[in-house]
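K.L.:
Chain by chain, the residues run as shown.
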Amino acid sequence: MNLQLDEQGRLKHLLTTEGLPRSLLERLLDRAEPYARAAEAGFKKDPLLVGKTVVNLFFENSTRTRTTFELAATRLSADVVNLQVAASSTAKGETLLDTLKTLEAMQADLFVIRHEASGAAHFFAEHAAPGVAILNAGDGRHAHPTQALLDAFTIRRHKHKFEGLSVAIVGDIVHSRVARSNIHALRSLGCTDLRVVGPPPLIPAGIVELGVSVEHDLMRGLDGVDVIILLRLQKERMVGAFLPSLGEFHRDYGLTRERLARLKPEVLVMHPGPINRGVEIEGEVAYGPQSLIIEQVRNGVAVRMSVMAEILANTQ
Amino acid sequence: MNLQLDEQGRLKHLLTTEGLPRSLLERLLDRAEPYARAAEAGFKKDPLLVGKTVVNLFFENSTRTRTTFELAATRLSADVVNLQVAASSTAKGETLLDTLKTLEAMQADLFVIRHEASGAAHFFAEHAAPGVAILNAGDGRHAHPTQALLDAFTIRRHKHKFEGLSVAIVGDIVHSRVARSNIHALRSLGCTDLRVVGPPPLIPAGIVELGVSVEHDLMRGLDGVDVIILLRLQKERMVGAFLPSLGEFHRDYGLTRERLARLKPEVLVMHPGPINRGVEIEGEVAYGPQSLIIEQVRNGVAVRMSVMAEILANTQ
Amino acid sequence: MNLQLDEQGRLKHLLTTEGLPRSLLERLLDRAEPYARAAEAGFKKDPLLVGKTVVNLFFENSTRTRTTFELAATRLSADVVNLQVAASSTAKGETLLDTLKTLEAMQADLFVIRHEASGAAHFFAEHAAPGVAILNAGDGRHAHPTQALLDAFTIRRHKHKFEGLSVAIVGDIVHSRVARSNIHALRSLGCTDLRVVGPPPLIPAGIVELGVSVEHDLMRGLDGVDVIILLRLQKERMVGAFLPSLGEFHRDYGLTRERLARLKPEVLVMHPGPINRGVEIEGEVAYGPQSLIIEQVRNGVAVRMSVMAEILANTQ
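Residue numbers (our numbering), protein chains in the order written: chain V, 174 to 489; chain L, 174 to 489; chain B, 174 to 489.
Hints may contain errors.
Since the list can't tell identical chains apart, any single copy or any two copies may satisfy a pair.
Said to hold, decoys possible - As a list, the in silico DSS-like pairs of lysine-lysine whose alpha-carbon atoms are at most 27 Å apart: (1) Lys185 with Lys437; (2) Lys185 with Lys218; (3) Lys274 with Lys185.
The set of hints was computed from the structure by calculation and includes no laboratory data.
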């Protein structure tokens with residue numbers, strides 16, 4: 174049974190980009206387009222979801238991500254409730270379920286869930302009542318599907334197609350839900366030259382099975398690419414355990430102006446944010462002319478509006 | 174002088190169910206009915222309170238209760254402000270008053286107040302400006318009137334009348350604002366066979382004066398009842414002081430499948446939540462076919478909408 | 174270049190009252206008038222800013238101030254996001270900028286900023302994208318322009334003009350952004366007899382250059398005044414460093430009924446709140462017939478609505 178799609182292939186929950194058909198991904202990107210354009214023209218409010226209730230249920234603190242979902246729901250005129258829950262207070266599956274069932278009973282229509290445990294969003298989707306939708310806003314190392322969608326949306330706005338595009342994802346692949354969700358989405362959308370680049374301890378075994386190539390040398394990995402997706406290095410967890418030092422990582426994998434100058438002139442630089450200046454990226458590159466980092470944030474609201482509209486149009 | 178009712182008998186503040194006339198209680202339940210039905214049909218939004226300001230002023234942390242009041246006000250299209258105040262920072266009556274007067278000056282129309290001190294809601298109602306309403310969301314051991322209303326609403330939806338109904342309230346009666354508010358409401362609504370059941374240290378002296386009978390043996394107390402209202406055991410405060418152990422409480426007073434099977438087949442099980450599985454109730458009973466626990470949560474939003482609509486229709 | 178005004182003299186950002194022309198100040202007060210009157214008549218909601226996004230970005234905790242801005246924006250039908258940020262986590266200017274740029278990318282239209290560092294609001298205004306407005310809700314000792322506007326609005330409602338009015342500002346002038354903003358606003362509005370009163374350590378050197386007179390003796394400073402603006406004493410920071418004791422401050426500078434009785438009978442008493450009873454003011458004076466303290470809070474919402482309406486009518 175497919176947790177994400179109903180019998181007619183419509184989106185019920187968005188948990189992961191893995192297994193999502195290309196037509197659905199494209200529809201989600203298409204649906205984001207008018208939201209992005211209207212906002213650029215100063216029109217941000219759509220009455221589509223008046224009377225719907227969206228609950229931001231965040232077990233992991235992320236003001237930035239929570240705010241984009243809050244704005245997306247608010248601009249669709251839904252009622253939004255923000256709940257920040259200490260993960261420790263709901264450690265047991267039983268209690269997680271009580272929380273879900275209680276909020277469901279208050280007739281919430283959609284839960285946006287962020288949790289440090291991989292699989293948390295699936296757990297909620299398995300137990301959700303019919304007509305209640307789960308939107309994964311990041312679960313452990315597993316998936317962050319709206320980030321992948323907004324990245325694909327941003328790439329498409331600049332490159333117009335995925336066929337023939339070379340994309341490199343650089344950095345800490347092993348711990349990254351963003352990398353995993355991007356690989357599934359970009360592969361499904363038709364991108365065939367997809368590379369992951371990083372030091373051996375940060376590249377998971379078996380990643381090639383997802384249809385990507387692996388490169389440990391940065392400049393070889395970036396050779397001829399059209400798009401670079403840098404990942405945020407979780408600095409605290411890294412040094413000692415996976416990396417000798419941040420300085421060494423920057424020396425070997427940091428994207429600098431000097432390195433950027435040796436690549437294709439029209440190469441685009443992306444990063445899910447927040448950036449670590451001087452670690453995975455130089456500040457001048459982050460705010461330079463080839464960077465799409467700020468545009469990614471902007472597109473993030475439009476893409477999340479698209480996903481909410483798509484899912485809630487399928488409930489009643 | 175009646176703090177809750179004006180000269181025409183209309184509701185100004187809701188502080189306690191004590192002394193509320195049957196006709197008013199029934200009107201509040203009647204008014205909740207269309208909200209409950211509309212929400213079940215997927216219609217949750219009513220423009221009734223556009224432009225009104227509801228302040229959730231919580232001196233005691235309760236995300237669950239706060240969320241139901243927030244949703245109730247939002248679905249009535251009121252503007253809602255959530256204020257979580259550390260009780261310690263407003264320990265003195267003087268400062269409580271400053272807080273009230275400041276928020277009143279911002280033209281709040283209704284304050285939903287939760288406070289650990291019994292009488293806090295009365296204090297606010299005594300000092301509120303004309304046209305400013307106080308809604309008690311639980312004050313100390315004193316009262317929790319909307320919980321009593323939603324319990325009555327839930328019972329009425331299933332049993333249709335209160336005359337001839339046998340209702341048992343089980344557990345820690347002495348510390349429970351829910352028990353007290355339920356007794357007043359159910360008595361006023363016409364329930365004559367109302368029993369409280371629990372170990373002697375948890376039954377307050379003089380409770381029989383409220384028109385209830387007392388039983389210390391669980392199965393004798395539940396004999397022939399139509400509705401069981403279990404109370405949440407405040408575990409931390411109990412053991413040692415009032416009870417030998419949680420296991421012993423469960424052995425003597427926990428509602429299990431086995432015990433439930435020996436009661437009237439149509440008996441209904443209620444609990445204000447959140448439940449302590451394996452203490453006052455077995456998990457299988459809580460989610461079993463006779464449990465109304467989830468329905469209580471759902472009805473809680475409709476009943477709170479009804480109370481807000483009733484009170485704010487009396488102000489301008 | 175003027176950060177606050179565009180080439181046509183329209184308000185882009187509100188950072189300080191310093192340098193604002195009288196005509197603009199008067200327009201802001203005029204625009205607040207219908208909001209104040211409508212709210213008094215029970216009408217609080219204006220659809221003016223539907224679809225606009227207001228972000229309350231508070232680096233300093235102030236529930237009271239945040240609530241007035243939240244209500245002002247909500248009553249203008251804007252979407253409001255509250256972000257409480259620990260100042261420590263954004264200590265470096267670089268990171269402050271990342272926060273601003275990220276939220277800008279989510280198409281926020283107006284940022285209400287409170288920060289403990291003087292100049293923080295200017296920093297944001299200097300770096301804000303075109304069409305993004307900054308509203309200073311208090312930055313360090315520097316400025317609190319909406320407080321000054323609401324004070325001027327309150328004075329004008331009672332005294333109808335500023336010419337010929339004597340106003341004394343009493344207390345801790347040296348640390349007070351309220352004092353500074355009030356002086357600039359009242360001077361620009363035509364008030365010529367403006368006095369600051371307090372003990373020598375709390376009067377900044379050079380204050381006379383702003384066009385005020387200085388008095389160290391309270392009753393001499395209040396002689397013949399029409400309006401007294403008391404300041405909140407930051408008790409924790411004061412004793413030892415600037416003052417021998419709170420009792421001594423109250424003895425020398427506290428406004429008591431007895432002192433008030435010796436002044437002009439129609440003198441008005443103002444305070445930005447929250448008051449320290451028994452320090453800068455006696456409780457009986459604070460809630461007495463000459464006090465405008467509660468009215469200041471009420472006017473604060475109308476004035477903030479006026480400022481938001483004025484600024485956002487200049488963007489698109």
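K.L.:
At most 27 Å between CA atoms: does that hold for Lys185 and Lys218 within a copy, between copies, both, or neither?
P.N.:
both (24 Å within a copy, 23 Å between copies)
K.L.:
Given identical chains, is Lys185 near Lys437, meaning Cα to Cα at most 27 Å, within a copy, between copies, both, or neither?
P.N.:
neither (40 Å within a copy, 41 Å between copies)
K.L.:
If the cutoff is 27 Å on CA atoms, where do Lys274 and Lys185 land: within, between, both or neither? Let me know, please.
P.N.:
within (18 Å within a copy, 33 Å between copies)
In the structure shown, a violation is registered for the earlier hint numbered 1 alone.
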